[in-house]
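Engineer: The chain contents come next:
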Amino acid sequence: MSRRAVRRRASATGPGEFTVPAVLCFALAVYGIAGGAAAGEDATTAVGVFALACFVVGVWWPIAALAFVRVSVTAPPDASVGSVVPLRVTLVGRGRVEIRSADASDPWRRTALPATVTIGHRPAARGVVDTVRIQLRTSVPLGVFIRIRTYSVALPRPMYVAPRTEVRSVRSGRAPEERDRRRSRGSGIGEGDAVRSVREYVAGDPARLVHWPTSARRGGLHVREHEPPPTVGIAVVADLSGGRPERAAVDAMSVGVAALAAGDRVWIGTHESGGPASGEVTDRRELGRRLARARSGAPPPPPAGWTVHRAGGEA
Amino acid sequence: MSDATGPGRRIMAVPAAVALGAVGALAAERMGFPALVGLGGGAVAALLAVLALPSVPTRRSVLFLLVAGGLGVLRHAPGSSPHRSVLLVTWALASLVTLVLLERLGAETTTPASGGAPLVARRREVARFSVVLAVIAAMTVALGVPFATDHLSRGVVAGREPTVGDAVSAPASLRTAEELDMTTRPRLSDRVVFTVDAERPDFWRGETFDAWDGIRWRRTDLRVFSLRRPSPTTVLVPALDPGAERGEDLTQTYRFESGFSDLVFAAPSARIIETDRYLRARADGSVFVAGLGANAFGEGAVYTVTSRRLASTESDLREASGADLPAWLSDLYRSVPTATPARVARLAERVTAPAANRYDKIRALEGWLGENTTYSIDAPTAPPGRDVVDDFLFRSRIGWCEQIASSLVVMARSVGIPARLATGFVPGTRDPLTGRFTVRERDAHAWAEIWFPGIGWQGFDPTASVPLAGEAGTDGSWLPSLRRSAPALAAVAVLVAALAFAAVVVVRRVRRRRARRATWAAATRHRLDRVGRRIGRARRPDETVGEYADALADALGRPEVATVGTVLDLEAFGPSGAGESERNAVDEVVASLEAVKGIP
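One line per chain: the protein sequences are A and B, in this order.
Under the working numbering, the first sequence has 49 at position 49, and the numbering climbs by one with no breaks.
Under the working numbering, the second sequence has 479 at position 479, and the numbering climbs by one with no breaks.
A couple of the hints might just be wrong.
[To be verified] Derived coverage of chain A by chain B (criterion: at least 3 residues anywhere in the stretch with Cβ under 8 Å from a Cβ of chain B; other residues may be distant): (1) 31 to 44; (2) 92 to 101; (3) 108 to 119; (4) 233 to 246; (5) 296 to 307.
[Unchecked claim] Estimated spans, in silico, between C-beta atoms of each pair: (6) A/Ala304 - B/Glu580: 29 to 39 Å; (7) B/Arg246 - A/Ala64: 17 to 27 Å; (8) A/Gly263 - B/Trp520: 52 to 62 Å; (9) A/Ala304 - B/Trp520: 23 to 33 Å; (10) A/Ala64 - B/Ile535: 45 to 55 Å; (11) A/Thr118 - B/Val505: 42 to 52 Å; (12) B/Gly536 - A/Thr118: 46 to 56 Å; (13) B/Val596 - A/Arg247: 17 to 27 Å; (14) A/Arg265 - B/Glu580: 51 to 61 Å; (15) B/Glu543 - A/Glu246: 21 to 31 Å.
Worth flagging that the hints you see were computed from the coordinates, not collected in a lab.
Beta carbons: idealized from backbone N, C-alpha and C, even for Gly.
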């Protein structure tokens, strides 16, 4: 980030900033009034008073204008860290302002008031967000002073900010090739060890499944049909009490998303404000919400039979 | 906020050119060039700076022009150009529009927000802002300049030291003299000699003369008194001048634009003078600078005088009574040269015959002069050796102020009324911007002063446009009253603004309260919220009343609080609302919470 950009962002956190016309007006006011008074020259004093009026009004007007602007915001319920989420901002007031999300490096956007605008918001941290910060600025009418006001606006419903996701491959309880085969075949033969029944051979059935006694008895090839194996998935244990909790959350999210994408069942255990929380999640949004609520604390133990992936914990 | 370039370039050039053109005209007039030269030069320079430099951002060019205009105004505003006020106002308005337009164009370069409302049309917005700001600025200047002048201005400034050239080129009206030759035509130009900051107009008197020889005026009493320093210096009260002793104060601050003056001008009669110069006073109360011109006032010199004069009405003057002049003074001011033809006295007696008192006699003489003589600065002078008044009254009947005033004095004396000639300046024109009187060479004047018993010297002049004797109370400008009442007006404005703000706050609060308490449920919800806030657990915006009541019950350790939420939900969503008993129960619970101090 350039030095200029850093300076600009830093200045945006203050109540406002003076511009070159402000310096001009102020200097003219001071010199005019002081010089006019010293020389007994009323015309110079008048110029100074005029400049002072411009300076005062130029500072006061933007402050007053933003003091009467009311802001309300609605946000989608789900978001991810680092991804832009649209905020719908309703502005009530008069005049015109420029707006941006205070939590993002978004550029300023202009609008007249009243208006309902959509701006981008890039959450910087995981969690359940019930307020967002919106920045408005205006320099009407003289451009002497840019008033920047930051509003902390309560959301009507919380926004769950899930950890960001990284590309991961997961290993569930089955070998990958077997899982692939199961997904692609869909023959109904099953993969378990228990034999459910036999049926006539059809082209493509593996030879190892031929049930010879039945084939001999009935005079034609018959193959075994097996019961499917017990369904298992990934149990993600997110322990955010370690040294790098956010890293653990990202890890848990990434593994969970990858498992869900692979068709596996995902169980997640976390620690929330009410204590340990666990349960199976069926989609990415649910997973994200669970991890958004997760806090530092001991997660519950994973269920038996699931492939366990531990995210975080002791460093 | 952003840089205004592209389409805004052309429109920005217009107000910038007007502003710089006004400054150019101001500078040109001050330097003695035609205003149009400066106007054109400034405007063309601004247009070139904005339009012909595409590589320079418009905002930067315009800001440069504003800085240049501001510096130019500060440099040239103190001048005495004839159109100063108009040009200053033009500069101010054009600069205002430039700033408004610059801000607007900056906003236009920002990307519109998705779904945002379009901006108000540029022309409309700029016009609206400019008008509002111009009104605010005008009010501020009208109130602020007198305030700043009264509280910050120095009443004494040394100014530039006059050179020999300044002394030589100064008009006679700015130099002290022992005599006033009536056969010499005065120099009357438009050059500003000084400006006066005073509440009301008056004659700015320099000297008086009491001895008339038919051709020139002289002073009989040549005594001179040194006035002690330091400033302020109290002037000796002239003998038997009641107005100077118990009249109304009038403070004037003089600022010289002329390069030289050794006269200390003051409205009759000067009492206190604040200056850094050594002064001398004559027996008639007129004051001048000591040192034969070496100590004289130069350009930029400022001094302040407090004068006193009895404000008299016509009836005051008609009924004037009291101590008259001592015999020797009375004889002095009634004396008419023996060489003056007797027909002057006969004319005066004939004109004043119907009048019963001194005031009416003077009015009659003024009326006759007004009807039978003509004012003209181009009038021929009297032939050498001939009595100037006689020549004016019976031959030419055309002359300028000196002939007219001298005739009035001589005629008044002819009928036994003490009179003398005063010279100085008429008030000049009041600058609408600053409220100061601008006095030019052509405002040099001579008028008659008539003695009234118990009142003192009063000015009379048929050609003057100033409040004369018998016209007390006329002012003619709203600026002095505005200046007097500026602090009160400002206080009232602040008070009104504060009251309006308080009223808005109160109305909003009452409305909110009413809305909250419109129903039992709303009132109960509000009470519950208040209890929650007291314990530091305010309701979140996303929290329902039921959830909130549950949370409060947990926080307070009082399970019955949870029923408040249940009943409120029932009231809001139940088929027939909450029952009376349930409401009462809730009221009891909430009341018990409210009654407990220091919950939990």
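Engineer: So does valine 596 of chain B sit 17 to 27 Å from arginine 247 of chain A, Cβ to Cβ?
Structural biologist: Given range 17 to 27 Å: violated, Cβ gap about 47 Å.
Engineer: Is the distance from the Cβ of glycine 263 of chain A to the Cβ of tryptophan 520 of chain B consistent with 52 to 62 Å?
Structural biologist: 55 Å, holds
Engineer: Between glutamate 543 of chain B and glutamate 246 of chain A, does the beta-carbon spacing fit 21 to 31 Å?
Structural biologist: 27 Å Cβ-Cβ, so the 21 to 31 Å window holds.
Engineer: Does the hinted range 23 to 33 Å hold for alanine 304 of chain A and tryptophan 520 of chain B at CB?
Structural biologist: 55 Å, violated
Engineer: The hint says 42 to 52 Å between threonine 118 of chain A and valine 505 of chain B; measuring C-beta to C-beta, is that right?
Structural biologist: 33 Å, violated
Engineer: Mind taking a look at whether chain B covers the stretch 92 to 101 of chain A? Criterion is 3 or more residues with CB to CB distance under 8 Å.
Structural biologist: It holds: at least three residues are needed, and the stretch 92 to 101 of chain A offers 3 whose Cβ sits within less than 8 Å of chain B.
Engineer: With respect to the beta-carbon atoms only, verify the hint that alanine 64 of chain A and isoleucine 535 of chain B lie 45 to 55 Å apart.
Structural biologist: At roughly 36 Å between Cβ atoms, isoleucine 535 of chain B and alanine 64 of chain A fall outside 45 to 55 Å, so the hint is violated.
Engineer: Taking the Cβ atom of arginine 246 of chain B and the Cβ atom of alanine 64 of chain A, is their distance within the range 17 to 27 Å?
Structural biologist: This hint is violated: roughly 52 Å between Cβ atoms.
Engineer: Holds or violated: the 51 to 61 Å window for the beta-carbon distance between arginine 265 of chain A and glutamate 580 of chain B?
Structural biologist: For arginine 265 of chain A and glutamate 580 of chain B the Cβ distance comes to about 54 Å; the hint holds.
Engineer: How does the stretch 108 to 119 of chain A fare against chain B when you require at least three residues with a CB closer than 8 Å, holds or violated?
Structural biologist: holds (count 12)
Engineer: With a cut-off of 8 Å between beta carbons, are at least three residues of the stretch 296 to 307 of chain A near chain B?
Structural biologist: violated (count 0)
Engineer: The hint says 46 to 56 Å between glycine 536 of chain B and threonine 118 of chain A; measuring C-beta to C-beta, is that right?
Structural biologist: For threonine 118 of chain A against glycine 536 of chain B, whose Cβ atoms are near 35 Å apart, the range 46 to 56 Å is violated.
The structure fails hints 4, 5, 6, 7, 9, 10, 11, 12, 13 (numbered hints given earlier, in ascending order).
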